[in-house]
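There are 2 protein chains.
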Amino acid sequence: MAEQQTKKRISFLGPDASFTHLAALKAFPDSELIAYTTIPECIEAVAEDKVDYAVVPLENALEGSVPLTIDYLFHEVQLYVTAEVLSPIEQHLMVHPDNAESDAFEAIYSHPHALAQCHKFLYYTYKNTPLEQYSSTSAAAKMVSELPERNIAAIGNEFSAEKYGLHIVHREIHDFHFNHTRFFVLSKTNHQLENPAHNEEVKTTLMISPPKDDRSGVLHQVLSVFAWRQLNLSKIESRPLKTGLGNYFFIADVMDDEMSPMMQGAFMELAALGCTVKTLGSYYTYE
Amino acid sequence: MAEQQTKKRISFLGPDASFTHLAALKAFPDSELIAYTTIPECIEAVAEDKVDYAVVPLENALEGSVPLTIDYLFHEVQLYVTAEVLSPIEQHLMVHPDNAESDAFEAIYSHPHALAQCHKFLYYTYKNTPLEQYSSTSAAAKMVSELPERNIAAIGNEFSAEKYGLHIVHREIHDFHFNHTRFFVLSKTNHQLENPAHNEEVKTTLMISPPKDDRSGVLHQVLSVFAWRQLNLSKIESRPLKTGLGNYFFIADVMDDEMSPMMQGAFMELAALGCTVKTLGSYYTYE
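Chains as they are written, first to last, in UniProt numbering: chain U, 1 to 287; chain W, 1 to 287.
It cannot be assumed that every hint is accurate.
The list cannot tell twin chains apart, which means a pair is met if one copy fits it or any two copies do.
Straight-line C-alpha distance at most 30 Å; calculated DSBU-like pairs for lysine-lysine [stated by the list, open to error]:
id	residue 1	residue 2
1	K203	K142
2	K7	K50
3	K203	K242
4	K50	K120
5	K278	K120
6	K7	K142
7	K203	K163
8	K8	K278
9	K278	K235
10	K142	K163
11	K8	K127
12	K242	K278
13	K120	K188
14	K212	K235
15	K212	K120
16	K50	K127
17	K242	K120
For the record, the hints were derived by calculation from the structure and aren't laboratory data.
Take the sequences, apply the hints, and build the full model.
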């Protein structure tokens with residue numbers, strides 16, 4: 001894509017070989033990718049011009065939204081979504097090549113979410129093997145690669161097996177085979193990365209704060225603004241405004257370009273209703 | 001209240017002196033309170049008849065909903081809300097009485113949320129003191145009580161200071177003074193605990209799944225069912241159905257009794273729209 005002709009710098013939620021790293025490679029196969037330890041650090045890197053784009057997780061099909069990403073984008077920075085990346089979450093059981101012949105392990109290490117995602121497989125196949133929580137799937141893979149003398153296994157993605165030279169004993173051991181995570185590619189300027197699928201499905205993400213007097217029924221009014229225009233919402237979710245229990249803002253994904261006449265009309269009516277709208281821009285999907 | 005004349009057994013999310021423990025004492029001052037380590041264990045205790053009621057956190061004004069509570073109530077059990085408890089979250093800095101004269105500490109220990117909630121106070125008053133994460137506020141208080149020879153402090157609630165005999169050095173050090181947490185009191189049968197404030201404000205919590213063909217705009221239709229009846233929603237939130245990215249159910253709090261004629265009409269229309277509605281019952285608030 002055009003953005004990559006000069007070598008761009010991209011922050012992502014690390015460590016190396018994380019699922020976010022995989023997502024960042026999908027959008028930026030030839031750029032300089034820099035791992036950050038936390039979501040706020042990753043987002044601040046682009047807000048402070050240390051990098052051109054940040055790639056952070058937004059939502060998982062099983063766990064739901066990542067509140068830290070949504071809250072940081074609402075409360076702390078004004079950034080724009082230039083693309084979203086949808087990645088399947090596939091977990092594999094991996095060991096040091098010295099232990100490739102073994103099928104009984106001292107312990108299995110991974111991030112708590114990955115252990116949970118493989119619950120049924122682990123229950124039926126390794127019922128008596130201790131499960132040990134680790135800070136990330138790729139940190140667990142790294143640790144296993146450094147301790148060939150211990151007959152231990154890690155659960156993680158294929159990329160971390162490659163990176164740390166591990167042997168995959170069981171592939172695709174996750175219980176739900178539709179599990180995906182959605183990532184945002186963030187920038188300081190409101191623009192779009194190239195449309196990789198060349199489809200017409202552009203999406204706009206809005207953060208809508210209701211009027212301060214918080215009339216009950218305002219969400220119904222907000223949805224009416226979109227409904228009669230046949231603007232489809234693929235998602236709507238509430239998050240606390242942090243001003244007191246019961247005060248929320250809404251994050252909505254609308255299936256249209258923010259510059260379309262219908263969207264411009266919707267923005268005007270939302271303002272007339274007393275709502276404050278923060279747009280994160282319009283963008284295409286990398287699958 | 002009537003429920004307490006025979007001594008009831010109550011599970012709560014522990015450890016002892018947790019904020020959930022405080023909330024449970026508000027609703028059940030004279031009952032047998034039993035700490036459980038995790039939210040699922042606490043909920044299962046009532047589902048399996050080990051206790052009469054379970055008290056679990058649902059939502060915090062800063063952090064938002066507790067996904068584990070909502071998902072477990074939707075996917076795993078059929079329980080009812082018999083009351084909700086609203087508790088202010090007040091954090092204090094506490095030390096062993098031997099160190100009561102000190103105002104400079106080796107380190108300050110607490111749960112990561114509590115450290116985050118006191119961020120500004122800690123930044124301005126103890127800028128160079130290391131902050132150490134601990135599994136809970138009351139576990140941190142317990143540890144400080146057991147190590148008088150170390151000049152360390154914990155952050156937690158007043159109850160944990162009392163329980164572990166600690167001296168409070170600074171009171172109410174949390175940054176936001178409106179911070180509350182909302183707790184559910186769960187039972188296997190659909191009934192209401194006594195209305196402690198003797199007000200008329202009864203609330204019903206519903207879990208609404210849209211029809212499987214997931215017509216876009218269904219949330220607008222759902223809200224219309226309530227809006228024209230002047231049934232006010234104090235909260236609506238989406239959570240993943242765990243059937244694939246983009247598939248959600250909605251948890252809605254409606255300000256009316258589920259047996260009212262308007263609510264019964266709403267239930268019939270929601271069914272006609274193809275929605276599946278799981279009611280958690282109607283209940284009053286303990287503040």
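Exercise. Between K212 and K235, at a C-alpha cutoff of 30 Å, which is it: within one copy, between copies, both, or neither?
Worked result: both (23 Å within a copy, 16 Å between copies)
Exercise. Between the shortest in-copy and the shortest cross-copy C-alpha distance, which are at most 30 Å for K212 and K120: within, between, both, or neither?
Worked result: Between. Shortest inter-copy distance 26 Å satisfies the 30 Å Cα cut-off; intra-copy 47 Å does not.
Problem set entry | Same-copy or cross-copy closeness of K50 to K127 [CA-CA at most 30 Å] | between (47 Å within a copy, 26 Å between copies)
Exercise. With identical chains treated as interchangeable, where does the CA-CA distance between K142 and K163 reach 30 Å or less: within a copy, between copies, both, or neither?
Worked result: within (9 Å within a copy, 43 Å between copies)
Exercise. At most 30 Å between C-alpha atoms: does K50 with K120 qualify within a copy, between copies, both, or neither?
Worked result: Only across copies: K50 and K120 sit 26 Å apart there, 43 Å inside one copy, limit 30 Å.
Exercise. Taking 30 Å as the upper bound on the Cα-Cα distance, should K203 and K163 be classified as within, between, both, or neither?
Worked result: neither (34 Å within a copy, 53 Å between copies)
For this session: Indicate which option fits the pair K203, K142 if close means a Cα-Cα distance not exceeding 30 Å: within, between, both or neither.
Result: neither (38 Å within a copy, 51 Å between copies)
For this session: Evaluate K8 and K127 at a C-alpha cut-off of 30 Å and name the case that applies: within, between, both or neither.
Result: neither (46 Å within a copy, 36 Å between copies)
For this session: Have a look at K278 and K235 and pick one of within, between, both or neither, based on CA distance no larger than 30 Å.
Result: Answer is both; intra-copy 16 Å and inter-copy 21 Å each pass.
Problem set entry | Intra/inter-copy verdict for K242 and K120 if alpha-carbon distance must be at most 30 Å | Cα proximity of K242 and K120: across copies only (15 Å, versus 38 Å in one copy).
Problem set entry | Copy assignment of K278 with K120, given that the CA separation must stay at most 30 Å | Result: close only across copies, 27 Å inter versus 42 Å intra.
Exercise. Under a CA distance limit of 30 Å, which applies to K7 and K50: within one copy, between copies, both, or neither?
Worked result: within (14 Å within a copy, 62 Å between copies)
Checked against the numbered hints above, the structure violates hints 1, 7, 11; every other hint is satisfied.
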